[in-house]
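Colleague: Read off the chains here:
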Amino acid sequence: SQQGEEDPQALSIQEGENATMNCSYKTSINNLQWYRQNSGRGLVHLILIRSNEREKHSGRLRVTLDTSKKSSSLLITASRAADTASYFCATARYYQTGANNLFFGTGTRLTVIP
Amino acid sequence: NAGVTQTPKFRVLKTGQSMTLLCAQDMNHEYMYWYRQDPGMGLRLIHYSVGEGTTAKGEVPDGYNVSRLKKQNFLLGLESAAPSQTSVYFCASSTWGNEQFFGPGTRLTVL
Chain Z
1032 SQQGEEDPQA
1042 LSIQEGENAT
1052 MNCSYKTSIN
1062 NLQWYRQNSG
1072 RGLVHLILIR
1082 SNEREKHSGR
1092 LRVTLDTSKK
1102 SSSLLITASR
1112 AADTASYFCA
1122 TARYYQTGAN
1132 NLFFGTGTRL
1142 TVIP
Chain L
7 NAGVTQTPKF
17 RVLKTGQSMT
27 LLCAQDMNHE
37 YMYWYRQDPG
47 MGLRLIHYSV
57 GEGTTAKGEV
67 PDGYNVSRLK
77 KQNFLLGLES
87 AAPSQTSVYF
97 CASSTWGNEQ
107 FFGPGTRLTV
117 L
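For the protein sequence lines, the chains are Z and L, in the order given.
Residue numbering for the first sequence follows our numbering, beginning at 1032 and increasing consecutively.
Residue numbering for the second sequence follows our numbering, beginning at 7 and increasing consecutively.
If you're looking for bench data, these hints aren't it; they were derived computationally from the structure.
Mixed in with the good hints there might be a few duds.
[Stated by the list, open to error] In silico SDA-like links for lysine to any residue, alpha-carbon gap of 20 Å or less:
id: 1; chain 1: L; residue 1: Lys63; chain 2: Z; residue 2: Arg1124
id: 2; chain 1: L; residue 1: Lys63; chain 2: Z; residue 2: Ser1082
id: 3; chain 1: Z; residue 1: Lys1057; chain 2: L; residue 2: Gly64
id: 4; chain 1: Z; residue 1: Lys1087; chain 2: L; residue 2: Asn104
id: 5; chain 1: L; residue 1: Lys63; chain 2: Z; residue 2: Ala1130
id: 6; chain 1: Z; residue 1: Lys1101; chain 2: Z; residue 2: Ser1082
id: 7; chain 1: L; residue 1: Lys15; chain 2: Z; residue 2: Gln1068
id: 8; chain 1: Z; residue 1: Lys1057; chain 2: Z; residue 2: Arg1072
id: 9; chain 1: L; residue 1: Lys15; chain 2: Z; residue 2: Asp1038
id: 10; chain 1: L; residue 1: Lys15; chain 2: Z; residue 2: Ile1080
id: 11; chain 1: L; residue 1: Lys77; chain 2: L; residue 2: His35
id: 12; chain 1: L; residue 1: Lys15; chain 2: Z; residue 2: Arg1072
id: 13; chain 1: L; residue 1: Lys15; chain 2: Z; residue 2: Asn1069
id: 14; chain 1: L; residue 1: Lys76; chain 2: Z; residue 2: Ala1130
id: 15; chain 1: L; residue 1: Lys15; chain 2: Z; residue 2: Arg1124
id: 16; chain 1: Z; residue 1: Lys1057; chain 2: L; residue 2: Arg50
id: 17; chain 1: Z; residue 1: Lys1087; chain 2: L; residue 2: Gly103
[Said to hold, decoys possible] Pulled from the structure, derived: some chain Z residues nowhere near chain L, Cβ distances all over 10 Å:
id: 18; residue: Glu1048
id: 19; residue: Asn1062
id: 20; residue: Arg1072
id: 21; residue: Thr1098
id: 22; residue: Ala1109
id: 23; residue: Ile1144
id: 24; residue: Pro1145
All of these numbers come straight from a predicted model, not from anything done at the bench.
Quick reminder that beta carbons are idealized off the backbone N, C-alpha and C, glycines included.
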């Protein structure tokens, strides 16, 4: 399976601290994406990093990708209570049919304590 | 723009009943997807479509059928619901190679 696996499964931090989540995968990918899901809601896209990129930033988010180790990390700096959510990594692989399917991990549950 | 919408939001079925979940997107995306999310298992792809009139199987297609008669709509059907299909169902759409936009989900319980 090329499904990503997040680590840790759950993370609890104080507001203002940084949160780091890791993702490992097994096969070659075209890009890797991070999504956020608030309890009971749909997923929201956070950031996409392509296989030829090593680092990407978006606001308080920083994503790294190491294709040699088949791993990625998501760093959220200066966390806020509103960052409490589940975070998923998803690996993308393209098919000759034109498909662009994502394979999701099981997620990291982040709790930010005010 | 409404983005991706799903109908209904909640549904309870008895074993053997059938139903159709509707997904609609107003972003003119070619690609549409149906996922299911079970506790502790992340999202798994059921079926997907690379354009109007096309459908293809994902990771867990058994027990489901889909249709994409119009570009903006993607329907997921359960012909004979089973308790194992109790789950939260998400629809998503995208352009090629880019991020997917998700609907709010449908919570389905099969008794």
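Colleague: Compare the structure with each hint and give your call.
Modeller: How the hints compare with the structure:
no., hint, result
1, L:Lys63 with Z:Arg1124, "holds (15 Å)"
2, L:Lys63 with Z:Ser1082, "violated (25 Å)"
3, Z:Lys1057 with L:Gly64, "holds (18 Å)"
4, Z:Lys1087 with L:Asn104, "holds (15 Å)"
5, L:Lys63 with Z:Ala1130, "holds (11 Å)"
6, Z:Lys1101 with Z:Ser1082, "holds (10 Å)"
7, L:Lys15 with Z:Gln1068, "holds (17 Å)"
8, Z:Lys1057 with Z:Arg1072, "violated (28 Å)"
9, L:Lys15 with Z:Asp1038, "violated (31 Å)"
10, L:Lys15 with Z:Ile1080, "violated (32 Å)"
11, L:Lys77 with L:His35, "holds (8 Å)"
12, L:Lys15 with Z:Arg1072, "holds (11 Å)"
13, L:Lys15 with Z:Asn1069, "holds (16 Å)"
14, L:Lys76 with Z:Ala1130, "holds (18 Å)"
15, L:Lys15 with Z:Arg1124, "violated (30 Å)"
16, Z:Lys1057 with L:Arg50, "holds (17 Å)"
17, Z:Lys1087 with L:Gly103, "holds (17 Å)"
18, Glu1048, "holds (26 Å)"
19, Asn1062, "violated (7 Å)"
20, Arg1072, "violated (6 Å)"
21, Thr1098, "holds (17 Å)"
22, Ala1109, "holds (24 Å)"
23, Ile1144, "holds (23 Å)"
24, Pro1145, "holds (26 Å)"
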